[in-house]
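Chains as they are written, first to last, in our numbering: chain A, 132 to 307; chain B, 639 to 1097.
Read the hints as simulated data drawn from the structure, not as lab findings.
The structure displayed is predicted, hence computed values, not measured ones.
C-beta atoms are modelled at their ideal positions from N, C-alpha and C, and glycine is treated no differently.
Hints should not be assumed to be uniformly reliable.
Part of the chain B face toward chain A, derived, beta carbon under 10 Å [claimed, not checked]:
1) 918
2) 937
3) 938
4) 1001
5) 1003
6) 1021
7) 1046
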Amino acid sequence: MKKTTSLVAIAVALSLTAGCANRRTPDQLPPQPANDSAADDTGSQDGDVSGTPVPGSRGDFLRSVGQYGERILFDFDSYALDAEDRATLDGQAAWLARYPTVRVTIEGHADERGTREYNLALGDRRANAARVYLESRGVSSGRMQVISWGKERPAVAESNEAAWAQNRRAVTVVPE
Amino acid sequence: MRMNQVRIATIIAAVLGLTLPGVALAQGQPAEVQPPPPTQPGNDDQLVVDVTGGQRAALPIAVPYMPTPAEAETPAGGTGTLGRQVAEIVAADLRNSGLFTPIGPSGLPNVSYPQVSAPDYGAFSATGAQNLIQGFVQANPDGRLTVGCYVYDVAGQSQLARQGFVVSPRDWRRAAHRCADSIFSRLTGEGGYFDTRIVYVSETGPARRRIKRLAIMDYDGANHRFLTNGQWTVLTPRFAPNQQTITYMTYENERPRVMLYTLDSGQSRPLIQTPNMTFAPRYSPDSRYIIFSMAVNGNTDVYRVAVAGGTPQRLTNSPGIDTGGSYSPDGSRIVFESDRGGSQQLYVMDADGSNQRRISFGGGGYGTPVWSPRGDLIAFTKTGGFRIGVMAPDGSSERILTGGSFAEGPTWAPNGRAVMFTRGASQGQLWYVDVASGATRRVPTPLGGSDPAWSPLRD
Chain A
132 MKKTTSLVAI AVALSLTAGC ANRRTPDQLP PQPANDSAAD DTGSQDGDVS GTPVPGSRGD
192 FLRSVGQYGE RILFDFDSYA LDAEDRATLD GQAAWLARYP TVRVTIEGHA DERGTREYNL
252 ALGDRRANAA RVYLESRGVS SGRMQVISWG KERPAVAESN EAAWAQNRRA VTVVPE
Chain B
639 MRMNQVRIAT IIAAVLGLTL PGVALAQGQP AEVQPPPPTQ PGNDDQLVVD VTGGQRAALP
699 IAVPYMPTPA EAETPAGGTG TLGRQVAEIV AADLRNSGLF TPIGPSGLPN VSYPQVSAPD
759 YGAFSATGAQ NLIQGFVQAN PDGRLTVGCY VYDVAGQSQL ARQGFVVSPR DWRRAAHRCA
819 DSIFSRLTGE GGYFDTRIVY VSETGPARRR IKRLAIMDYD GANHRFLTNG QWTVLTPRFA
879 PNQQTITYMT YENERPRVML YTLDSGQSRP LIQTPNMTFA PRYSPDSRYI IFSMAVNGNT
939 DVYRVAVAGG TPQRLTNSPG IDTGGSYSPD GSRIVFESDR GGSQQLYVMD ADGSNQRRIS
999 FGGGGYGTPV WSPRGDLIAF TKTGGFRIGV MAPDGSSERI LTGGSFAEGP TWAPNGRAVM
1059 FTRGASQGQL WYVDVASGAT RRVPTPLGGS DPAWSPLRD
């Protein structure tokens, strides 16, 4: 159910961006945004987790690491890994060891309680903290790319402690 | 697209005769303390006045409609209509500054063309105005417009200044802003900021999939247009002091990095070639260099590179996050933020990276420092509570300018009197605050807005 909604949201978003992709300076306002509740997490992490996923695919990764196994969470203004984070990354490393040709992107994110530029640097720290740990677990650095989104792509679009906790994260993204 | 080809010629003297040189203007204008007048309805009713304290007495100033010597059609409309619109813009600019209380244009006596240079002072003294602004709009044989702009002392029944602006019809609003700038300068002794533009990030859509586009507009929201189409997230645009280029950060192709956008051509190129994330760019005062931040394996430092190209020079080397650099107006120093001491604080260094020293010591963190064009203040975001504040470059005299909701990312008006910033954590708006009075005002944008950058006064 959730996945269906997400796929619809992706389709809508793609059609929205496709409409203006060829125009550098359009005269009109951009289209009205899609409904927030239908918007998808930007972890770009939707894969087919039903049925039998293709080995080495995103769906395979998500099923292997389990719910929330693709991302680790951080304390406020911190990029330190705790035991839970390391266990999560161990699960990712085990899967990556089985598919040594798969390359991943690690996205670092921050909550909204930091200035925009500081949060870009903080997201970079978090993504690199995950990268360095995975490297220590045998994942070669050449397979990992990091990108910081700062506070630009929250997982939960609310302003409260629970949302902020979900937004301070590093997400390991396997290509489709 | 070639909007930067300036067609304005300022004609002082040639058209209107010499401005009275050396006539003391500040004299005879003691701003008597009066109760703040009610907000006037008018063409700026999109602006929400939110006086947060310390308001100074605003000077009542009459701005009647401006006549035309001969009605003529132009591409921007008839000269009679333009005269009315120019007066409205002048009044709105003066009101926006917070230092004036414009009276009119509507409701004031009609001014005939001969009266522009020979005012009927009696008709305006009844309004309580201390100063009177008159002017005219004339179509010239070459197709351009002349906007005449006169400043009078009502009680003293004397002319304080006159100036003419010759513009192409499509730049008619600029002539009005330049008229207002000249009035502001004559009556306050400081430079104006009305003939300026804002580059900012236009926002729409839900927070998790926000569409962010570069947009540019006049400081009052007019002449708005988009520079990017929203396919890729863009952040933190800044004007080059020479106004030929804009630097900003883009996520184009999911490669976050600093770009240079040329206003004339509409073309962008990366500032430097690197696989690392580059961000937080700002120009040097001479427009020849850009300082920016680069994250390398989780460590962010401030670098400098020539706009023309070359190898970046690393200016900081602490293991912490060093970002948000901004030059002093003479180019000799840079203020930046660093968490090297354990929390986000402001530091100043020489332009070559030497003599780094901390200047902020108050409670809570400090970020996004921006040096005032006058050099006397540094604006910042106080991260505990997200307020905009200012301090002296040595860290003394800290003052918080905004209250209430979330604010970040200050940018200075070219005269150093006002600061524009982003308000709102999830849905951004542009606001500005008068540094002296603390009066804040929303800047109208068609959609949400963030990361404003104020241009210098246009040429």
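Looking back at the hints listed earlier, which ones does the structure fail to meet? The structure conflicts with hint 4 only, although it agrees with all the remaining ones.
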